[in-house]
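Colleague: Residue numbers (my numbering), protein chains in the order written: chain A, 382 to 695; chain B, 328 to 625; chain C, 918 to 1122.
Keep in mind the hints are simulated off the structure, nothing from the lab.
We treat Cβ as the ideally placed atom computed from N, Cα and C, and that holds for glycine.
Heads up, some of the hints might be wrong.
[What the hints assert, rightly or not] Distance ranges between label pairs, derived from CB positions: (1) B/GLU558 - A/ALA667: 47 to 55 Å; (2) A/LYS432 - B/ASN475: 55 to 63 Å; (3) C/GLN926 - B/GLU364: 39 to 47 Å; (4) A/MET684 - B/THR588: 41 to 49 Å; (5) A/ILE565 - B/LEU351: 50 to 58 Å; (6) A/LYS479 - B/PRO503: 24 to 32 Å; (7) A/LYS479 - B/LYS403: 43 to 51 Å; (8) B/GLU364 - C/LEU982: 23 to 31 Å; (9) C/LEU982 - A/ALA589: 52 to 60 Å; (10) B/PHE466 - A/ALA473: 22 to 30 Å; (11) C/LYS980 - A/ILE565: 43 to 51 Å.
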Amino acid sequence: MMMPAKSKSIVLTALLLWFAPFLAQAEGLIVDQTFTGKNQITATFSAPIAKDVAEDIKNYTVFEESDPDILLELSSATLASDGKSVTLAFKAPLNTVKTHVVDAKGLAGIDKTTFRVSKSYLGYLFGILISALLINNFVFTKYLGLCVFFGTSKKKSTAKGMGVVFTLVMVASALMSWFFYQFILIPFNLNFLQIVIFIGLVSLTVQAVDTILRKVNPVLFNSFWVYLVLVIANCVIIAVPLILANNNYNIFETFMLALGAGGGFLLALYLMSSVSERMQLAKIPASFKGLPIAFIVAGQFAMAFLGFSGLQIF
Amino acid sequence: MKNIITIVVRLTVSCLLAATVMGLCFIFTSNAKKHNEHVKEQQVMYELLGYQAGAKFPETMALHEVYRFVITGGGKQSIGYLVPKGHGGEKGFLFVNIDLNGAMLAQQNVALSEADALAPETRNQAVTKVVGPGYEVKFADQTIVVTNSGHRVAYLLSGKFQGFKTFVNVMLAVDPAFAILGLEVLEHEEDPGLGAEIDQDYFKNQFKGKPFEALKTIEVVKAPIPADYLEALNGKIGEEGILKFREQYKDKAVYALTGATISTKAVAGGVQGIVTKFAYRIAVLDKVVKEQQLAVAF
Amino acid sequence: MANDKSSMQLITRGILSENPIFKLALSMCPAVGISTTVMNGFMLGIAVLFVQVFSSVTISVFKNLIHPRIRIPTYTLTIATWVTVIDLVLAAYLPEAYAKMGIFVKLIVAFAIITMRLEMFACKEPVKDSFWDGLGMGLGFMIGMMVIGFVRELLGSGAILGMDVLGFKPLLFFILPSAGFFVVGLMMAFFNWIEIFYKRSKGLK
């Protein structure tokens, strides 16, 4: 599928704009800056720097962005052999969650060079995705969406169908909820209308997807309309807007959260349906048949997912 | 066509009805909510200072709120303190602007009542006006200085830091030498039975009485709490016994919670950060107050 | 056709034969998620009871004014309104209990059980009957939650309603959220077993 030239350029511009902040900070001299190790920052330069200037710790002022009056104590500054990067070591471990500001005096003759070190934003966004997908899986860790979950996890095909439809509606309604929240609820102090507005938006999205699918692809519509109706009864669909309102996420974070929530639901459904299919062949005591054994299996999955707790990739 | 109109009309009417019900409910409850929050905060503060629920707060004691702001402008940053004025019962606040090296930049009277200072909007407005155009004012944190008959007896600090899962919100009481008088965990999202034990007495009481020097180099040891110490932490022995144990363990490392070492380390590190930063800042503020002979309430 | 069931019959139907959690297997999210103590179950049960009763009554009062084509949006609107009300009230007057329940109070709006009840009962029946039916359903939910909470609290923290009963913690696992699945599954199996046993003994007679 060829992407028309116009949309390619739009995508490129979007990507550039996204990365621009990282490029702009460089001020030409600093090419890269990251946390390396528990109490170190490494900065890379575009040209070699004089050793005596770079290794004098008195030339550096480092503080966490939110506490500019608390200066962090350096223990040493080491210049790499090629002269193009310096590693600053600190006396106490750094709190890498916070953005640090480094002021360097006299590097390459420039009076003051300032750069900010923080964990990659893309990594943070990805972290939200992984969190919603695995660590805080909406079904196994947050216990939401169970009614629909148990109903549609009998076969792999229903599981896939439900999961995909749900993810689509989830992302669409989450983005719409974000717009409503940012531009209508907050400015007019109408926060108590959260619940009504969000559920209204979900119903609207379901209705819209229903109508669009009916016209665009009737075949697909026939196989998926049953799932559409079930989406509204799913607790997760309203939990995501509530979470994004609570944490005041921006649009990228909302998108990641919705994608992770939908993906996590799909994952949970798929895992459950795989087990369900095998359970059909197993000998289950009469009183356990149906829901009880499904609950027990779900419980075991929930225990397994506990293992993701505290996972930190970025 | 008529059908659609009826539908739309009925839908709109029901929406308006619903909105009215919710709006009324919101107005009634928001006042109660604010009041309850305030009462709860006060309760936590009194408990930290050693006055259990129901005990009368002495009349000679007073709480003074100090608000800290970060001022950014003109390529520079400075720290602003909103300090209550005192000595003679004057009301109102003094705004002291201190630069990053500890030298005072400016000081100005701010005619702000205590109630207005408690509300973020009016507080920010007043400070922004004092600072003048071209500067960005960001509220950093709030400390309470507790005095008894004019002498400082304690400071109440609050802070938020990363726990095992998400944030942990704590409130601390420290004495004038920055030793810990009490610790209260206000909010957390840790696992029940594991990390959530940080709000149990036997964990929090380990911090009580720790002197500032021990706090600066605090460590966590992965070992079970000795049985007799545990009894003292749970308050199961007499007052003298508790004090004896506190004295014995005050310079030692904090015992980690079973299955929650990371949560324990987070709390220990968080408390250490809050107290050390505060100690530095209050020293800077006190120096400025003394040098400039500012008339503050404590 | 108006039902001539007495109020007691309506209530017991909600608690026993059509118990939302154990029989109808609806609204299971909170049953698994926050039934860690009896108190939690009780508080959420009260919230659901409130929403159920008020929604049933509201829809029953207005049943002749609701246009059939916009039934479902009207139900959703009514439920959302009452959920917002109970959410605000709980947040203001019972902040500690509210904090423990977290997001689940707001999620009551997505409970299929309430919408189903409105669709099947409240839009056809007189106000009084709807009131008793709503009460029965709400009570059934509350009792179900409290039973699960009782088992989990006793086995998990050795206490009931916060009071230490056993003096030690038998199996910490039970208050971990994943145990909710196990407890509900086992209890459902238990109810099934009783039913099978009962039917078998009746069948043999």
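Colleague: Hint by hint, work out which the structure violates, then give me just those numbers in ascending order.
Modeller: Hints 4, 5, 7, 8, 9 and 11 contradicted; others consistent.
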